[in-house]
Structures are given as C-alpha cells and as structure tokens.
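4 protein chains.
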Amino acid sequence: MTEHNHDLVNQIFERARFIRSLGIELISFGDGWCESQLNVAPSLAQQHGLVHAGVLMTLADHTCGGAAATMAPEGQDVITVENKVSFLRPASGPVLFCRADVLRAGKRLVFVEAKVETEQGGDRKIVAKASSTLAFIPLKLG
Amino acid sequence: MTEHNHDLVNQIFERARFIRSLGIELISFGDGWCESQLNVAPSLAQQHGLVHAGVLMTLADHTCGGAAATMAPEGQDVITVENKVSFLRPASGPVLFCRADVLRAGKRLVFVEAKVETEQGGDRKIVAKASSTLAFIPLKLG
Amino acid sequence: MTEHNHDLVNQIFERARFIRSLGIELISFGDGWCESQLNVAPSLAQQHGLVHAGVLMTLADHTCGGAAATMAPEGQDVITVENKVSFLRPASGPVLFCRADVLRAGKRLVFVEAKVETEQGGDRKIVAKASSTLAFIPLKLG
Amino acid sequence: MTEHNHDLVNQIFERARFIRSLGIELISFGDGWCESQLNVAPSLAQQHGLVHAGVLMTLADHTCGGAAATMAPEGQDVITVENKVSFLRPASGPVLFCRADVLRAGKRLVFVEAKVETEQGGDRKIVAKASSTLAFIPLKLG
Numbered sequence: 000m001t002e003h004n005h006d007l008v009n010q011i012f013e014r015a016r017f018i019r020s021l022g023i024e025l026i027s028f029g030d031g032w033c034e035s036q037l038n039v040a041p042s043l044a045q046q047h048g049l050v051h052a053g054v055l056m057t058l059a060d061h062t063c064g065g066a067a068a069t070m071a072p073e074g075q076d077v078i079t080v081e082n083k084v085s086f087l088r089p090a091s092g093p094v095l096f097c098r099a100d101v102l103r104a105g106k107r108l109v110f111v112e113a114k115v116e117t118e119q120g121g122d123r124k125i126v127a128k129a130s131s132t133l134a135f136i137p138l139k140l141g
Numbered sequence: 000m001t002e003h004n005h006d007l008v009n010q011i012f013e014r015a016r017f018i019r020s021l022g023i024e025l026i027s028f029g030d031g032w033c034e035s036q037l038n039v040a041p042s043l044a045q046q047h048g049l050v051h052a053g054v055l056m057t058l059a060d061h062t063c064g065g066a067a068a069t070m071a072p073e074g075q076d077v078i079t080v081e082n083k084v085s086f087l088r089p090a091s092g093p094v095l096f097c098r099a100d101v102l103r104a105g106k107r108l109v110f111v112e113a114k115v116e117t118e119q120g121g122d123r124k125i126v127a128k129a130s131s132t133l134a135f136i137p138l139k140l141g
Numbered sequence: 000m001t002e003h004n005h006d007l008v009n010q011i012f013e014r015a016r017f018i019r020s021l022g023i024e025l026i027s028f029g030d031g032w033c034e035s036q037l038n039v040a041p042s043l044a045q046q047h048g049l050v051h052a053g054v055l056m057t058l059a060d061h062t063c064g065g066a067a068a069t070m071a072p073e074g075q076d077v078i079t080v081e082n083k084v085s086f087l088r089p090a091s092g093p094v095l096f097c098r099a100d101v102l103r104a105g106k107r108l109v110f111v112e113a114k115v116e117t118e119q120g121g122d123r124k125i126v127a128k129a130s131s132t133l134a135f136i137p138l139k140l141g
Numbered sequence: 000m001t002e003h004n005h006d007l008v009n010q011i012f013e014r015a016r017f018i019r020s021l022g023i024e025l026i027s028f029g030d031g032w033c034e035s036q037l038n039v040a041p042s043l044a045q046q047h048g049l050v051h052a053g054v055l056m057t058l059a060d061h062t063c064g065g066a067a068a069t070m071a072p073e074g075q076d077v078i079t080v081e082n083k084v085s086f087l088r089p090a091s092g093p094v095l096f097c098r099a100d101v102l103r104a105g106k107r108l109v110f111v112e113a114k115v116e117t118e119q120g121g122d123r124k125i126v127a128k129a130s131s132t133l134a135f136i137p138l139k140l141g
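Protein chains in written order, with numbering that gives the first Met the number 0: chain A, 0 to 141; chain B, 0 to 141; chain C, 0 to 141; chain D, 0 to 141.
Calculated from the structure, these hints are not laboratory results. From a predicted model like this one, the values you see are computed outputs, not experimental measurements. It is possible that part of the hints are untrue.
Each pair may be met inside one copy or between any two copies, as identical chains are not told apart.
[Claimed, not checked] With a Cα cut of at most 20 Å, we get these calculated PhoX-like pairs of lysine-lysine:
#1 Lys106 <-> Lys139
#2 Lys124 <-> Lys114
#3 Lys114 <-> Lys139
#4 Lys124 <-> Lys106
#5 Lys124 <-> Lys139
Taking the hints into account, I'd like the entire structure generated from these sequences.
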C-alpha cells in the first residue's frame, strides 16, 4: 500500500460528515481490506428499537469504500456503483463491527464484500452481508 | 387499504428514530406505493460534500417499507430481507424525493422498487434506484 | 442510434451460441431499450417442471445487454458487471417476453432494468425483474 | 443432515432438465454447503466465445439451491427468491467449479453465497460471486 492509499482511506473516514455524525470509526486497514466499528446510539434505531437497516447499509458501504481505497491507483479515488445488503438477523448493540474485503480489483472497477457483526457476551454473530461494486475515478484535490 | 395499513405506514415513519434524525418525512401513500422526501443537511454528506450513499439507501429502504406496509395483512408488520441500490448519478440537495412501488405482494414476501430523485431548477433527475425484498412478520404491539 | 449500435445489438443475439441454443429471439430494439422472447421448451425446466431461474436470468441478462448496446459509443462493446434478479412468480410457458430499459448511460457504465413476463389467456404477468450494471469496453473485431 | 435433505439435494440436480442439458454435475454436499462442476461446451458461449453470464448465474443459482436444501426442514423444499451475481473476470473452460455456502438459515428464508471458479494450469481463479435468498416451501410429492 502506498502513501496515497493510506491517506485516501483516512480521508474517506475523516471527511465524511455523515459517517462522523453516526459515530462510525475506522479501526484498521491493509491491502484489500478495511475494518470499522460503531457504538450503537438510540438515534440509530428503527421503529422497534433495533438498528435501522440504513445504518447497516451505511456502515457496510463506507467500509467497502475503505477497502477499495487501499487498492486505488495513484491519483484515483473510489465511488460506489451499487451495493446489495442481505439482512441475516435483527441487529442490536452495543457495538457493531464491520469488515470489508476486496474480491477483485480491475483497472476501473472493484468488487468488495463486507460483513457486519454484533457481539453479545463475547460471541460475534453476523447480522448483515454486503456485496458491492465500486469504480475508480480521478481524485479531486481539496 | 385498511385502518391497519394506514396506521402501520404512519408508525413506521413516526417511530423510527433514525429516520427522524435524518429528517426523512412521509409525504403520501396509497395501495402499493409510498412517497417521502428529505431536506439535505450538511451532516448527510460524504467526503466530497455530496449526499452519502448510506442516506440514499436509508431513504429508499424506509420508503420501500412504507409501500410494503400498505399491503400488509391484518396483524402483520414488515421487515427488510435484502436491498440492492444502484447509484446512477452524484446526489446533492436541496431536496431528495423518493417513491416506492410494490412489484408483487405474496403471502410472506413483498417485492418493492424505489427511485430517489433530486430537483434542480424544476427538473427532476433520478439519482438512485432500489430493488428490495421484504417479509411480512407478526406485528408486535407496543 | 447509429449503424454501429444497430449492428452491435444484432450481433449480440446472433453470435451468442448459448442464446441460440436456448431459443431466445431478438424481437425489437430502439434507443435505450430491447425486447426479446423465448418459446419455452421442456429442456428449460427445473425439478418441478417450471422454467428454471437460470433461464430467466439468462433472458434478462442478454436483453439488458441488447438495451445497453443501443447506447454504446462508436467502437465500444458491452459486458455485464453484475446482475440481480428477483423471482416474483413461478414461470411457465408457452412464451416468455422480456423488455429491458436503460435507466442511465454514463461514459463507462450503463444501468439497465428488465422485466420478464408470461402470457396466459391474453393476460401478461410479470414473473421476474432484473437490475443490472454493464460496462462499455473496446470492441474486438472478428 | 437427514435422509430428507440427502434425497432433496440429489433430486434437485437429477430432476432439473435444464441443469442436465447444460451438463452441470453435483459433486459433493454436506450441512450447509454444496459443490458442483461443469465441463464447458461450445454451446454455452456468448458472442466472444467466453462462457455466457447466464451459464454462470445458472450454475451459481442451482448450487445455492443445493446448499439450501441441506438445511430444509422435514417436508420442505426450496425456491429462489432473488439472486445477485457479480462477474469478476471473463470465464472460459475447460471446467467451472462452484461452491455454495449457507450464510444463515431461518425458519422461512435461507441466505446463501456461491463462488464460481475456473482452473488453468492447476491454478483456480474466481470468476463470479453470487449472493442469493431462498425460501422454504412445502414439498410437492411426485
């Protein structure tokens, strides 16, 4: 991973106001992968008090972006083309973990998967699984 | 549409804290469809100032839930099974509109589609398209 | 539509041996859309005698390719990046109709949707809905 | 795995005429997984001589059905609700391998993933990845 990739992943998490407002934190990343976590606040709930599907999709999407960014060529940024998320179990807190892995990076497109897990009594369970396509685009400075 | 459906759609929007915290508003609904809108605040931005993909997915997912709720049998609620969203254009404000339509409602599963549009100078453009599967589940009172 | 687009759509259907072996026929196409049909043979059945999901996916995918090809820039061909298909009803014969429409064509990517319908007693019913991303790539001559 | 599950997986592959006509073979299965393979014939090609996306989707879909069938409750069969397939690389022969794994089996729905690989000079490469939802339905005898 180059300094470009390192900076890009950090900026993707630091500069996205929506991610900061939800409380999503970058934990770790390496070539082709990225990990994040989220402390579940009451403001993230759907109508039954569970974590809203939109929160899980946001967490998965952004972490896929982080994983794709570790593979971006010099001068390139990443954007999401499409994202599918399957909701395997109802999700609750106190913490959600997300890990995204690049399946395949081409010249223009990157295929990434992510899983979101909860931890209850030391036991992690998968609550959502995402399959996403992202594209490399020229980096805008600023 | 029965009183059950009417109440269910309203509750889905009123009681979901995440939806209220984002500013998503229920606009209108009828048999098999639901419309919502969102005034875009700076806190919903991704790293380049555009609307975050997670916001578009949340808006589409929740409005699909509203459309599915208009078809829920007596005593039944709805949950999202999976959702795929394609990002057709960069999305910015000031307002996002979402319309969800039921493609097919079975006894247990509902297939719903949604489009998210922006308005610029009186001209609406589609920015995202969602394809979602939801399930009917027994309603929990409370 | 240019002669390039016209030829490309025709070649996509004529030169694909798998499409011909299934009996899929190109019916009509125009700017941003394509229609095809398939006479259902017993060899296309799954274990209960219904049309196999793979047949519906193939029909939808190829017709999405036809619709995307009507928008391909000069010297460009199309390939499928990803495809999601929802199975709304059990599908049987005698004929399946497919219509694909381009949602959005960018410089590199095209978003296309398709529906597959059956006809029973003059009444058409939708049995599958597809949402696909395709990419433009340089055309290989031959 | 019960005798019901064992029989169901075998029947899903033996009785599906489309699967036999393509040459897809059941290789092995166990609790929550299924493996199949396909010798690539010229009749499975798209317009450039590569394996048609529809073949990859069919192989992935049917093998997901096999994996889901290993988890079907007594007296229950499986059907595909929706399937998304990402095409990571161009696929060619001589042989395609598919492995499907159940991510989560509920009472009514099963989430399954599958990968399709090619082998070239002893080296396997992933060419497609599928994410599918299936439903349990009452088994029809016959």
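Do the hints match the structure? See the list:
no.: 1; hint: Lys106 <-> Lys139; in the structure: both (18 Å within a copy, 18 Å between copies)
no.: 2; hint: Lys124 <-> Lys114; in the structure: within (10 Å within a copy, 22 Å between copies)
no.: 3; hint: Lys114 <-> Lys139; in the structure: neither (29 Å within a copy, 28 Å between copies)
no.: 4; hint: Lys124 <-> Lys106; in the structure: between (34 Å within a copy, 17 Å between copies)
no.: 5; hint: Lys124 <-> Lys139; in the structure: neither (38 Å within a copy, 24 Å between copies)
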